[in-house]
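Undergrad: What follows is each chain in one-letter form.
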Amino acid sequence: MPPATAVLQLHPDRLLPADPEVRAIARRLHASVADLPVVSPHGHVPAAWLADDTPFVDPTSLLVTPDHYVNRLLHAHGVELSALGVGQGPLEEEQSRAAFRTVCAHWDVFRGTPVRYWFESQLADIFGVEVRPSAATADAVYDQVAACLVRPEFRPRALHDRFGITVLATTDDPCDDLAAHRRLTDDPSWTGRVVPTFRPDRYLEAAGPTWNADLDRLAAVSGVDTGDYAGFIEALEDRRRHFRAHGAVSTDHSHPDVRTDVLEPAEAARLFTLGRRGEITAEEATALRRHLLAEMARMSVEDGLVMTLHPGIRRNHHTPTFERYGADVGSDIPVALELTDALRPLLSRYGTAAGFHLVLFTVDETVFSREIAPLAGFYPSVFAGAPWWFLDAPEAIRRYRGAVTESAGFAKTSGFIDDTRAFCSIPARHDMSRRLDAGYLAGLVAEHRLDEDEALETAHDLVVTIPERTFKL
Amino acid sequence: MPPATAVLQLHPDRLLPADPEVRAIARRLHASVADLPVVSPHGHVPAAWLADDTPFVDPTSLLVTPDHYVNRLLHAHGVELSALGVGQGPLEEEQSRAAFRTVCAHWDVFRGTPVRYWFESQLADIFGVEVRPSAATADAVYDQVAACLVRPEFRPRALHDRFGITVLATTDDPCDDLAAHRRLTDDPSWTGRVVPTFRPDRYLEAAGPTWNADLDRLAAVSGVDTGDYAGFIEALEDRRRHFRAHGAVSTDHSHPDVRTDVLEPAEAARLFTLGRRGEITAEEATALRRHLLAEMARMSVEDGLVMTLHPGIRRNHHTPTFERYGADVGSDIPVALELTDALRPLLSRYGTAAGFHLVLFTVDETVFSREIAPLAGFYPSVFAGAPWWFLDAPEAIRRYRGAVTESAGFAKTSGFIDDTRAFCSIPARHDMSRRLDAGYLAGLVAEHRLDEDEALETAHDLVVTIPERTFKL
Amino acid sequence: MPPATAVLQLHPDRLLPADPEVRAIARRLHASVADLPVVSPHGHVPAAWLADDTPFVDPTSLLVTPDHYVNRLLHAHGVELSALGVGQGPLEEEQSRAAFRTVCAHWDVFRGTPVRYWFESQLADIFGVEVRPSAATADAVYDQVAACLVRPEFRPRALHDRFGITVLATTDDPCDDLAAHRRLTDDPSWTGRVVPTFRPDRYLEAAGPTWNADLDRLAAVSGVDTGDYAGFIEALEDRRRHFRAHGAVSTDHSHPDVRTDVLEPAEAARLFTLGRRGEITAEEATALRRHLLAEMARMSVEDGLVMTLHPGIRRNHHTPTFERYGADVGSDIPVALELTDALRPLLSRYGTAAGFHLVLFTVDETVFSREIAPLAGFYPSVFAGAPWWFLDAPEAIRRYRGAVTESAGFAKTSGFIDDTRAFCSIPARHDMSRRLDAGYLAGLVAEHRLDEDEALETAHDLVVTIPERTFKL
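Chains as they are written, first to last, in UniProt numbering: chain A, 1 to 473; chain B, 1 to 473; chain C, 1 to 473.
Just to be clear, a hint being listed does not mean it is correct.
Chain B stretches covered by chain C per the calculated footprint, using a threshold of three residues with CB under 8 Å from any CB of chain C [claimed, not checked]:
#: 1; stretch: 15-26
#: 2; stretch: 112-119
#: 3; stretch: 160-174
#: 4; stretch: 214-220
#: 5; stretch: 293-303
#: 6; stretch: 310-320
Calculated Cβ distances over 10 Å to all of chain A for the following chain B residues [unchecked claim]:
#: 7; residue: R202
#: 8; residue: T286
#: 9; residue: L347
#: 10; residue: F378
Because the hints were derived from the structure by calculation, they are not lab data. Owing to the predicted nature of the structure, the values given are computational and were not obtained by experimental measurement. Every residue, glycine too, gets a C-beta built ideally from N, C-alpha and C.
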């Protein structure tokens with residue numbers, strides 16, 4: 001029988017391999033990188049949190065409501081998203097507490113998931129919780145977190161410093177004025193580095209419901225007429241300049257596929273005009289998007305922004321949930337991905353262009369050994385992106401290293417990205433990655449495939465050199 | 001050199017992880033569930049065996065002839081299926097003994113396969129065999145099994161009780177009168193539970209060679225005219241009522257794909273009429289089947305029968321074998337599967353319907369982490385089916401837990417199903433699953449990702465709570 | 001800090017499982033096969049090297065320039081292929097040394113790859129190098145290898161004997177006169193066995209740029225008019241006879257897909273004629289190739305040559321590299337593969353034909369458990385080819401055994417093939433395979449799924465019996 005109140009304690013050897021000899025090596029490797037700063041080159045924390053340093057309001061709206069990793073599995077167990085605060089606006093104390101109770105009462109459904117690992121890490125490491133969440137302990141845990149949140153050392157900037165974050169990337173609309181980023185760089189008391197990321201997805205989808213309005217807004221913020229194709233391209237280039245001026249190092253793209261086909265300029269202009277008239281078909285819009293994605297590569301070759309791809313997700317799979325709660329609430333489902341043929345036109349043009357960086361992420365693991373590692377193992381521009389979203393999990397990360405390393409080595413991988421909007425989970429996510437890499441490297445050492453001095457160097461590279469090089473930091 | 005007569009002995013630690021510390025944990029976990037009853041919510045044992053309690057005739061027709069897992073690999077080594085009794089009707093003693101000798105003489109070809117594991121478990125545990133099968137020992141093994149089979153404690157009901165089976169599901173044609181099931185429930189001396197499963201595949205394939213005859217039979221047994229679409233639907237609903245009245249808890253479906261597309265009623269009726277006239281094209285029949293599969297979901301929402309899908313198999317891949325021996329003799333080969341888009345229409349309609357259960361099985365492992373776990377981790381209705389057929393094997397089961405758990409946890413998996421027509425293999429199959437789950441959970445404990453009290457609870461849930469909940473037992 | 005000059009030493013337990021108990025078993029298994037001869041039934045070493053026994057010229061043109069496994073990853077790190085000697089013709093001493101320095105200076109990028117494992121094995125085992133390659137040690141390593149190459153015991157035949165090679169297959173154009181093979185068999189001082197392999201890819205692709213010229217050459221060497229379809233088939237059969245007369249045991253095929261469709265003779269003839277007129281479309285050429293691939297199976301049934309398939313590679317993915325350096329320089333990238341439907345026509349015709357052997361290789365690992373193992377586990381003719389190219393690597397090989405064994409056992413796998421043009425890597429590649437199989441078998445023993453006497457027998461079979469049986473040696 002489980003004890004009524006089980007202890008929550010983070011074991012120093014957590015996630016390290018079970019074999020005693022391998023674990024001993026892994027411990028040494030992890031210890032060598034455990035305290036290094038956090039470089040987070042791709043994520044979704046709002047810059048305004050740090051610019052304004054507004055205290056977090058309550059445990060639920062910090063740890064639960066915005067985190068679809070947490071909510072989706074509760075939904076799968078019959079919990080309404082509204083009961084977790086989703087789509088409810090600011091929460092009343094009782095709503096917040098009730099949602100938190102629901103999470104804790106379902107603690108068992110998270111067994112074996114990284115969500116539970118991250119959540120427990122946050123509770124223990126950041127908020128000093130010492131009991132395992134459960135229906136019985138929910139209120140005590142809630143109270144402890146709430147009591148922390150009113151203290152100054154739990155405000156965003158204090159946590160940012162405590163987490164040891166030296167670079168934090170946000171994800172932003174091309175029309176964003178990046179005022180929060182500007183406020184941070186203009187603030188002499190701020191010593192961190194928060195960089196925007198150019199995410200133009202909707203501007204490349206000419207059949208999207210908001211496309212024409214988006215392009216009008218793009219014209220307004222750039223001061224460039226987007227009435228014709230040349231103006232549209234110029235406006236995008238203008239916004240990329242704006243982003244670079246505010247510290248951006250990369251662009252991010254997520255479309256149903258990553259097919260690239262370079263069109264003749266006249267054909268691209270023709271399709272663009274159809275789109276502006278609202279007369280473009282879905283097929284034509286896809287052709288235009290595939291051309292524009294190659295254009296994004298062309299711009300990256302010219303302006304140096306790293307291009308990252310996060311494809312292969314069917315967004316808002318459950319239409320009623322989307323209609324009620326909007327996007328990003330947990331009903332996105334992966335599909336199979338094809339990269340070899342899809343990226344061939346882009347790579348034949350730009351694959352060996354000086355300074356071009358293309359980071360390939362996937363939630364379809366089958367492409368790791370079949371396509372991504374072979375591509376990253378030949379093209380100087382291609383990097384194998386770290387396991388992302390559903391794959392940012394201990395065993396998936398091990399499979400990733402197992403699938404990618406033998407063809408691409410370590411040095412053509414991207415380094416870890418947390419891709420999170422759950423600010424407080426950032427240290428646990430990066431530490432998880434370091435532990436797993438230490439374990440993987442320890443396995444190589446134990447099997448005499450790598451000397452320990454090299455493993456130590458590689459562990460360090462994976463945390464410092466490799467993300468800095470990939471993202472040109 | 002191997003000893004002339006090697007010993008057959010089931011090691012108490014078989015299938016548990018090799019690392020001593022992890023094995024010790026796994027032993028404790030396995031011990032806690034090893035003696036729990038067997039719940040078998042999906043399989044192919046005929047109900048008549050238990051209703052009639054007829055003694056099994058001979059070792060070959062019990063253990064070899066009906067088991068395509070055994071026969072296919074022997075066929076791959078050049079053994080004719082006829083030499084194993086397939087398609088031969090009742091076997092003469094010499095035929096039976098010769099077939100058994102062939103199996104034993106090829107014992108080495110089964111090394112590393114679960115077939116060998118199950119077969120040896122049966123020989124040792126049920127029939128007390130203590131020598132490893134080989135050409136030299138074949139007759140002795142045969143004689144020992146044959147000597148058992150004439151004893152009353154080896155009749156079907158006695159074995160059923162000895163195996164500790166509390167629920168056993170059969171798989172049945174919608175027109176089946178379920179008389180054997182009825183005889184069992186009407187028999188006061190019978191204390192088990194044998195439930196039918198509604199398997200309407202052929203009734204949904206309007207271009208199938210027997211479809212019109214099947215629908216005529218359906219009309220006859222249901223008393224509902226199947227001359228038009230409405231009558232057909234009503235007849236299916238009638239048979240589902242009949243199945244539920246005989247204890248059915250689920251329906252099962254196996255088609256080339258799981259695409260669902262809801263047609264307008266008039267269009268469905270039009271296609272149905274074409275089918276009844278024998279004028280439907282293959283393409284139209286596929287459209288109708290995809291609609292009917294969604295109809296099956298609609299009926300499940302209404303009548304509560306759990307819907308299970310077993311797709312992605314190209315049946316009877318080798319035409320000459322099919323022509324000579326018929327179906328289910330080992331020449332079915334898997335193909336790649338797509339679920340995310342295919343099930344979207346069904347799930348957008350019924351994915352959050354109260355009480356709806358949809359269990360997704362696959363023999364294409366790539367969908368476990370990419371599609372099934374994300375679907376089961378969002379939709380309350382979706383459950384990740386246990387590894388099935390070619391994947392019901394130690395390393396495939398480990399890969400399954402590794403691929404599914406991190407996105408869907410344990411509690412959105414189906415629990416083990418044996419899916420077997422090899423009655424005597426049932427205990428070994430369930431025990432194999434328990435051992436592997438114990439090993440997987442022990443790994444989580446050893447890596448400090450789960451406390452042992454939780455692992456114990458989860459091991460129990462996987463054997464008891466989870467299958468009962470998934471299949472509404 | 002790594003020592004300035006790290007030691008290079010091959011640990012006797014390299015690649016064996018880390019767990020002490022499993023490793024002890026693996027050691028025994030490996031020891032039992034470590035010194036067995038090397039059977040290499042598929043590869044790319046030129047027969048002329050052995051026929052002529054010309055000394056190797058310099059370290060780079062032996063170990064670097066021809067090995068796209070080495071070069072591709074350096075290219076991915078920004079090294080021009082020309083700087084590694086690719087496309088440069090015979091190298092000057094300074095070019096050779098500079099290229100070798102580049103390799104050594106990038107030694108860290110190979111960490112975790114099999115390329116590094118093989119390269120280090122060669123340096124240590126064959127050339128006696130005792131320092132880890134690096135910028136600092138590059139010249140010393142180069143000098144040591146160069147000093148070896150001038151000695152008689154490092155000429156091709158001496159190395160061939162030292163490597164213990166008893167069978168070595170080359171890969172050859174159907175028009176090749178096989179003079180080098182003939183010189184070897186005619187040489188009384190030569191005791192080895194070098195067999196050609198019939199590789200007709202380009203002759204089956206009627207839309208290929210050289211097809212008509214190839215067929216003219218085929219007519220010239222065979223003395224059969226290839227102006228019509230019947231003559232073409234007869235000419236191919238003639239060349240197969242020629243190959244068999246020179247010791248060939250197999251044919252090899254690598255096309256974009258493995259679809260087979262048997263055409264009516266008249267239709268095949270019609271497409272052939274279009275091709276001969278230069279009027280065939282890409283689609284028609286594909287239809288003809290799919291027919292011709294089935295014809296190759298028909299010929300194999302008749303003449304007994306083992307048919308091996310190496311599909312699923314997009315050749316020369318980076319067009320500019322192909323235009324500058326030609327084929328086989330490292331820019332081939334895998335794509336997803338489908339076998340179940342593609343091979344059905346072929347297998348329904350020839351799948352159970354007496355003596356027919358079809359070996360299926362893949363660089364898309366998803367087909368191992370889904371398609372290849374089920375096919376090899378039913379069809380007597382089908383063998384699961386060893387992991388190849390990107391998958392000929394420790395963890396991929398483990399995944400292969402894990403994916404294939406449970407459905408096909410060991411005895412329906414092909415045995416190891418090295419598929420290499422890197423002559424000196426052959427012993428290390430075969431030893432790697434033996435170590436990994438020993439480790440896999442040791443895991444089965446440690447989990448009590450196999451007795452050790454059986455594991456010993458299986459380890460031996462995998463090295464001796466199985467490749468000899470698969471390739472009819």
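Undergrad: Give a verdict on every hint.
TA: Against the structure, the hints come out as follows:
1. 15-26: Holds, because 6 residues of the stretch 15-26 of chain B bring their Cβ atoms closer than 8 Å to Cβ atoms of chain C.
2. 112-119: Since 4 is at least three, the answer is holds.
3. 160-174: Coverage by chain C is violated here, the residue count being 0 at a Cβ distance below 8 Å.
4. 214-220: That given contact is violated, which follows from only 0 residues of the stretch 214-220 of chain B lying within Cβ reach (below 8 Å) of chain C.
5. 293-303: violated (count 0)
6. 310-320: Holds: 5 residues of the stretch 310-320 of chain B have a Cβ under 8 Å from chain C.
7. R202: Fine: 29 Å to the nearest Cβ keeps R202(B) off the interface.
8. T286: Nearest chain A Cβ is 21 Å from T286(B), so the label holds.
9. L347: At about 6 Å from chain A, L347(B) fails to clear the 10 Å cut-off, so the statement is violated.
10. F378: Non-interface label fails for F378(B): nearest chain A Cβ at 5 Å, not farther than 10 Å.
The structure shown violates the earlier hints numbered 3, 4, 5, 9, 10.
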